[in-house]
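There are 2 protein chains.
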Amino acid sequence: MTQNIYDNAKFFAEYSALDRSIQGLDGAPEWPRSRSYIPDLEGLDVLDLGCGFGWFARWARSTGANSVRAIEISENMLSRARDLTNDPKIIYEQGDLDNIKLSEHDSDLYDVVFSSLTLHYLANLPELIQQVQTVLKPGGTLVFSIEHPIYTAPKEAKFVTDAVSGREYWPLDSYQKEGLRVTDWLAEGVQKQHRTTASYVNLLLKAGFQITEFDEWFPNPEEMEKCRWYRVLERPVYLLISAVKN
Amino acid sequence: MTQNIYDNAKFFAEYSALDRSIQGLDGAPEWPRSRSYIPDLEGLDVLDLGCGFGWFARWARSTGANSVRAIEISENMLSRARDLTNDPKIIYEQGDLDNIKLSEHDSDLYDVVFSSLTLHYLANLPELIQQVQTVLKPGGTLVFSIEHPIYTAPKEAKFVTDAVSGREYWPLDSYQKEGLRVTDWLAEGVQKQHRTTASYVNLLLKAGFQITEFDEWFPNPEEMEKCRWYRVLERPVYLLISAVKN
Numbered sequence: 001m002t003q004n005i006y007d008n009a010k011f012f013a014e015y016s017a018l019d020r021s022i023q024g025l026d027g028a029p030e031w032p033r034s035r036s037y038i039p040d041l042e043g044l045d046v047l048d049l050g051c052g053f054g055w056f057a058r059w060a061r062s063t064g065a066n067s068v069r070a071i072e073i074s075e076n077m078l079s080r081a082r083d084l085t086n087d088p089k090i091i092y093e094q095g096d097l098d099n100i101k102l103s104e105h106d107s108d109l110y111d112v113v114f115s116s117l118t119l120h121y122l123a124n125l126p127e128l129i130q131q132v133q134t135v136l137k138p139g140g141t142l143v144f145s146i147e148h149p150i151y152t153a154p155k156e157a158k159f160v161t162d163a164v165s166g167r168e169y170w171p172l173d174s175y176q177k178e179g180l181r182v183t184d185w186l187a188e189g190v191q192k193q194h195r196t197t198a199s200y201v202n203l204l205l206k207a208g209f210q211i212t213e214f215d216e217w218f219p220n221p222e223e224m225e226k227c228r229w230y231r232v233l234e235r236p237v238y239l240l241i242s243a244v245k246n
Numbered sequence: 001m002t003q004n005i006y007d008n009a010k011f012f013a014e015y016s017a018l019d020r021s022i023q024g025l026d027g028a029p030e031w032p033r034s035r036s037y038i039p040d041l042e043g044l045d046v047l048d049l050g051c052g053f054g055w056f057a058r059w060a061r062s063t064g065a066n067s068v069r070a071i072e073i074s075e076n077m078l079s080r081a082r083d084l085t086n087d088p089k090i091i092y093e094q095g096d097l098d099n100i101k102l103s104e105h106d107s108d109l110y111d112v113v114f115s116s117l118t119l120h121y122l123a124n125l126p127e128l129i130q131q132v133q134t135v136l137k138p139g140g141t142l143v144f145s146i147e148h149p150i151y152t153a154p155k156e157a158k159f160v161t162d163a164v165s166g167r168e169y170w171p172l173d174s175y176q177k178e179g180l181r182v183t184d185w186l187a188e189g190v191q192k193q194h195r196t197t198a199s200y201v202n203l204l205l206k207a208g209f210q211i212t213e214f215d216e217w218f219p220n221p222e223e224m225e226k227c228r229w230y231r232v233l234e235r236p237v238y239l240l241i242s243a244v245k246n
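Those protein sequence lines, which keep their order, are chains E and P.
Under full-length UniProt numbering, think of the first position of the first sequence as 1, with each following residue one higher.
Under full-length UniProt numbering, think of the first position of the second sequence as 1, with each following residue one higher.
It cannot be assumed that every hint is accurate.
All copies of an identical chain are treated as equivalent in the list; a pair is satisfied when it fits inside any one copy or across any two copies.
[What the hints assert, rightly or not] Lysine-lysine pairs mimicking DSS-like chemistry, simulated, CA-CA at most 27 Å apart: (1) K158 x K89; (2) K137 x K226; (3) K206 x K158; (4) K177 x K137; (5) K10 x K101; (6) K158 x K101; (7) K226 x K177; (8) K177 x K155; (9) K177 x K158; (10) K137 x K206; (11) K89 x K226.
It should be emphasised that the hints constitute simulated quantities derived from the structure, not laboratory data.
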């Protein structure tokens, strides 16, 4: 069972105060890039894995999606998502993506599957990717963002400042050691699953996807002006991938 | 013009003493992985970009390749390659891959293009990849290895040992700052061109390739027993990619 950190009171309170929680998609600096990978949703059926407060689900409907099925493990987040939504074509559903069955018998259900900063929590990702391949229609698109493997790898994921030179660097180690990482971000003991970039790419290729977009996101100058996230130039924080079902 | 470090006497002497120079492909720990990406070469026409001493060219012919065109910037290396070769179907050619024209007018010339640890030296890589796409036959395969972007990125590409904990890590910085890196490896002032993983992938996608294999090489236990290259588990050193012309 995936750790449900979003139902930890301290984590939830702090997460709720982030720009991306208050402003929605516009508060997520990587959103313009993710959005550029999403096809015209007019009339399409969409699945959102880890929907959080439902910002993407509502945006998808606002751009013409026919329906959105939005899955989330956290009851806290689902509850707020439902409060923010008045749309019978968005179906929110509580579910643990590490143990879910996306469909009992059906395949070819969705045109687009979207997942924002969720898949790096999952131990059973290979199984989920295989299911996504099954429920996507042929030619359907999977768009997802994750924490970048460079970001999740280190035993101690904090910038180091060299005492002599003052130079700052990201202390990369353990890159090839996949598995559990425990970090303190908003709350103590947040559990993630580190995988290499190669593992993500090969999961997709082996499941029968073709990679169509691949981005180690960083802000353009205009976005940097807004987010002032200079250290992301030293090492990537997000990996964005788009893939099409063959 | 690409720096021709292999014609630097000190570099050449030290490079010539490496396992991969003396033992050929079997002295290159990443070779078994690269080899697994190469199709059956029986009757195929092959282009080798940065052929060094010609180990790959001779291997390709020994497995049935119809012909190999092998390009190398270093006269030192070409001279030894010619000494080691007795095969009129291997054509060695001196050339700077940053300024080469692979063909004046023809396309669809080769079934397989191979390049080992060469492309990270090139400033004009986008132009070369586009040419490779042109000279490959439809369905043809490009297999290459490069120094991994995690390895080329840092301003100071040397492991750091934390004075207090003794922990060793790779001091990653400047990842998004593409361009020239100058390192001391075998000789002083070796020039490389750092690019992000995303840049390599997107160069291929935009040129009309489909990614088919993607590997951040590290040794399996048996290979580790032989090469004892334990630090490569902390951060990848090589990136291996196979791509097919659409």
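Against the structure, the hints come out as follows:
no. : hint        : result
1   : K158 x K89  : neither (42 Å within a copy, 55 Å between copies)
2   : K137 x K226 : neither (38 Å within a copy, 46 Å between copies)
3   : K206 x K158 : neither (33 Å within a copy, 35 Å between copies)
4   : K177 x K137 : neither (34 Å within a copy, 39 Å between copies)
5   : K10 x K101  : neither (30 Å within a copy, 61 Å between copies)
6   : K158 x K101 : neither (36 Å within a copy, 46 Å between copies)
7   : K226 x K177 : between (35 Å within a copy, 20 Å between copies)
8   : K177 x K155 : both (10 Å within a copy, 25 Å between copies)
9   : K177 x K158 : both (18 Å within a copy, 20 Å between copies)
10  : K137 x K206 : both (17 Å within a copy, 25 Å between copies)
11  : K89 x K226  : neither (34 Å within a copy, 59 Å between copies)
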